[in-house]
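Given the coordinates of chain A, assemble chain B onto it according to the supplied hints.
Protein chains: 2
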Amino acid sequence: MSDAEPASGAAQTPGELPADPFADPVYREAIIDLLGGLAYGELTAFSRLAGDAELAPTLDGKAALARMAVTEFGHYERISARLRDLGIEPHAAMDPFVVPFDAFHDRTTPKTWLEGLIKAYVGDGIASDFYREISAYVDPSTRALVVSVLDDLGHSDFVVNAVVAAIEADPTVGGRLALWGRRLVGEALSQAQRVAAERDALTMLLVGGGLPGADLAELTRMLARLTDEHTKRMERLGLTP
Amino acid sequence: MSDAEPASGAAQTPGELPADPFADPVYREAIIDLLGGLAYGELTAFSRLAGDAELAPTLDGKAALARMAVTEFGHYERISARLRDLGIEPHAAMDPFVVPFDAFHDRTTPKTWLEGLIKAYVGDGIASDFYREISAYVDPSTRALVVSVLDDLGHSDFVVNAVVAAIEADPTVGGRLALWGRRLVGEALSQAQRVAAERDALTMLLVGGGLPGADLAELTRMLARLTDEHTKRMERLGLTP
Numbered sequence: 001m002s003d004a005e006p007a008s009g010a011a012q013t014p015g016e017l018p019a020d021p022f023a024d025p026v027y028r029e030a031i032i033d034l035l036g037g038l039a040y041g042e043l044t045a046f047s048r049l050a051g052d053a054e055l056a057p058t059l060d061g062k063a064a065l066a067r068m069a070v071t072e073f074g075h076y077e078r079i080s081a082r083l084r085d086l087g088i089e090p091h092a093a094m095d096p097f098v099v100p101f102d103a104f105h106d107r108t109t110p111k112t113w114l115e116g117l118i119k120a121y122v123g124d125g126i127a128s129d130f131y132r133e134i135s136a137y138v139d140p141s142t143r144a145l146v147v148s149v150l151d152d153l154g155h156s157d158f159v160v161n162a163v164v165a166a167i168e169a170d171p172t173v174g175g176r177l178a179l180w181g182r183r184l185v186g187e188a189l190s191q192a193q194r195v196a197a198e199r200d201a202l203t204m205l206l207v208g209g210g211l212p213g214a215d216l217a218e219l220t221r222m223l224a225r226l227t228d229e230h231t232k233r234m235e236r237l238g239l240t241p
Numbered sequence: 001m002s003d004a005e006p007a008s009g010a011a012q013t014p015g016e017l018p019a020d021p022f023a024d025p026v027y028r029e030a031i032i033d034l035l036g037g038l039a040y041g042e043l044t045a046f047s048r049l050a051g052d053a054e055l056a057p058t059l060d061g062k063a064a065l066a067r068m069a070v071t072e073f074g075h076y077e078r079i080s081a082r083l084r085d086l087g088i089e090p091h092a093a094m095d096p097f098v099v100p101f102d103a104f105h106d107r108t109t110p111k112t113w114l115e116g117l118i119k120a121y122v123g124d125g126i127a128s129d130f131y132r133e134i135s136a137y138v139d140p141s142t143r144a145l146v147v148s149v150l151d152d153l154g155h156s157d158f159v160v161n162a163v164v165a166a167i168e169a170d171p172t173v174g175g176r177l178a179l180w181g182r183r184l185v186g187e188a189l190s191q192a193q194r195v196a197a198e199r200d201a202l203t204m205l206l207v208g209g210g211l212p213g214a215d216l217a218e219l220t221r222m223l224a225r226l227t228d229e230h231t232k233r234m235e236r237l238g239l240t241p
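Residue numbers (this note's numbering), protein chains in the order written: chain A, 1 to 241; chain B, 1 to 241.
With the rest of the complex left out, here is chain A:
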């Protein structure tokens, strides 16, 4: 991808963005992909959390998951507004991500309340880490938006306490949930590869290609960091990563 030239024609040093990066259609396309994926991720997170709330054993648990869903929808609204500012309808930007995100969710439909909680916690954690990493390569206003929608949903303690208590009550639960955590990561990686293979502009944003992106060594380190963070989250839940 090193032969790709920014359409603006301006010479660029990797690691630096031009004054108006959106003048470059490849950059604009990459950001629209980034925000389109993020928007659809938030919209599906809303739907799935709202659906998983039905599995709650108590009304308080139901309200807690519904509250997380509502937070995700607020993020969706802000990203949609930005997409419209960039001159594209949110549905058009989200369209390429419908198949991979839906495939991920269809393959990881929680069967129990605890599986739902772990999916919310682990899935949200990986997505947040990934978007935070990629935000290093984008213009400041995009970065500010991305980082702002990655705010902690405030459900970490709620999920950790519920999972830890369930494992204490029945230690055999831990093995099954650890397997579930590994399956979530496996499915997420598999769909991420699919997106990377299909969305050139987005991938170029990540690995450079004329635009300021990560080189291969940095990409490897990034994947290592994402894995480390996932491991820490599983450990906080009392689960073998």
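A few of these clues could be false.
Which copy is meant is left open, because identical chains are indistinguishable; a pair holds if it fits in one copy or across any two.
[Claimed, not checked] Restricting the straight-line Cα-Cα distance to at most 25 Å, the calculated cross-link-like pairs of lysine to any residue (SDA-like) are: (1) K111 / H91; (2) K111 / V147; (3) K232 / A188; (4) K111 / V99; (5) K111 / A56; (6) K232 / R199; (7) K111 / E54.
What the hints contain is simulated information worked out from the structure, not anything from laboratory work.
Below, chain B alone, put in the same frame as chain A:
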């Protein structure tokens, strides 16, 4: 029910509330029931709208229904806060309403996107009209809260346009959807009767019983008004009531 005496022992003229109506445990119980039912209604409306959003034929439609769900959850949060102010946990206040509301929703699960839209519009309309009527008999601060969560969800035009367009495209749809509308009302009435039979304090709030409520003639007029409003909504949708 005319032999029920307010526990405060104060003589009351029907139509007037004492300065501190909450000193009367029957009034307090009635308001907790009113708000508990309203809270659980909003929480289930959230879940069902979020679920029905999955039936949307477009991403814009999905986001529109999700937006309505989020509005309902905001109402739930405000009613919950008031219940806590009254010294009761929201889940305890909602508990008596779980069975009748869930029964209503289980019997009226939409099978299509249009059925989901009509349920949102008609169900929300009837509930709003009912709570607006009952709010005439409560203290000003409860009334202000109830009326504020009955704000138009802003989806009327969206639903009306979608249903009218669907009937224009295929007039046979109209007959099926009219039947669906009648079924929604029938199931709602059936569950309302169940609640009225089981929740004495709430029923007394509505029909008097020492507290300022509607007399039988007024109750009949109220039911006529609710029916009229439902008829108008069905007509706006282009459906035979």
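Comparing the hints with the structure gives:
1. K111 / H91: between (30 Å within a copy, 24 Å between copies)
2. K111 / V147: For K111 and V147, the Cα distance exceeds 25 Å both inside one copy (31 Å) and across copies (39 Å).
3. K232 / A188: For K232 and A188, only the intra-copy Cα distance (17 Å) is at most 25 Å; the inter-copy one is 49 Å.
4. K111 / V99: both (22 Å within a copy, 23 Å between copies)
5. K111 / A56: For K111 and A56, the Cα distance is within 25 Å both inside one copy (11 Å) and across copies (24 Å).
6. K232 / R199: Classified as neither; 30 Å inside a copy, 50 Å across copies.
7. K111 / E54: both (11 Å within a copy, 18 Å between copies)
Consistency note: the structure conflicts with the earlier hints numbered 2, 6.
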